[in-house]
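Numbered per the working numbering, the sequence shown spans residues 88 to 222.
Any given hint could be a false lead.
[Stated by the list, open to error] Label-pair restraints from in silico Cβ distances: (1) 162 x 116: 29 to 35 Å; (2) 201 x 99: 39 to 45 Å; (3) 206 x 102: 35 to 41 Å; (4) 154 x 174: 24 to 30 Å; (5) 102 x 150: 19 to 25 Å; (6) 154 x 210: 46 to 52 Å; (7) 120 x 193: 36 to 42 Å; (8) 141 x 103: 17 to 23 Å.
Quick caveat, the hints were computed from the structure, so don't treat them as lab data.
These numbers come from a predicted model, not from an experiment.
We put the beta carbon where it would ideally sit given N, CA and C, even for glycine.
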Amino acid sequence: MSTSPRPGALDPAVAARLKRSADGLVPAIAQQYDTGEVLMLGWMDDEALHRTLTTGRCTYWSRSRREYWVKGDTSGHVQHVRSVALDCDGDTLLVRVDQTGAACHTGARTCFDEDVLLADTPDGPGLGKVARHGS
88 MSTSPRPGAL DPAVAARLKR SADGLVPAIA QQYDTGEVLM LGWMDDEALH RTLTTGRCTY
148 WSRSRREYWV KGDTSGHVQH VRSVALDCDG DTLLVRVDQT GAACHTGART CFDEDVLLAD
208 TPDGPGLGKV ARHGS
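Can you make the complete structure from the sequences, with help from the hints?
The following block contains the structure:
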């Protein structure tokens, strides 16, 4: 009897460490590998993680469309995987990527550029100063 995972399956040792949401998903933060810039948050189940680990391209589970999608297949804004790490609690993935083009579906470089809630100012941290949408 073989102890290796079946083709197309996530390694059981990795799967056992994941803490999934009620719908079987784990949040995956995509980060630019060389700058540390946080690009986006997507969701992965075991199959999406397996595809990401074995193809070198980020595969996510779309909660709205209820299907897998490979980042960049339609937009050309590809995420080439450089590394994947599981956090200390096993409930979040950090995927370090080399991003081509925009990471956000809006066309922005990141999904966190448009709606800053708190920002540093030239006078120091922006504590107590709430930024407005798009400012």
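Hint-by-hint comparison with the structure:
1. 162 x 116: 29 to 35 Å: violated (19 Å)
2. 201 x 99: 39 to 45 Å: Holds, at about 40 Å.
3. 206 x 102: 35 to 41 Å: Given range 35 to 41 Å: holds, Cβ gap about 39 Å.
4. 154 x 174: 24 to 30 Å: holds (26 Å)
5. 102 x 150: 19 to 25 Å: Because 20 Å falls inside the window, the suggested range holds.
6. 154 x 210: 46 to 52 Å: holds (47 Å)
7. 120 x 193: 36 to 42 Å: Violated: the Cβ-Cβ distance is about 22 Å, outside 36 to 42 Å.
8. 141 x 103: 17 to 23 Å: Holds, since residue 141 and residue 103 (Cβ atoms, about 18 Å apart) stay within the stated range.
Of the numbered hints listed earlier, those contradicted by the structure are 1 and 7.
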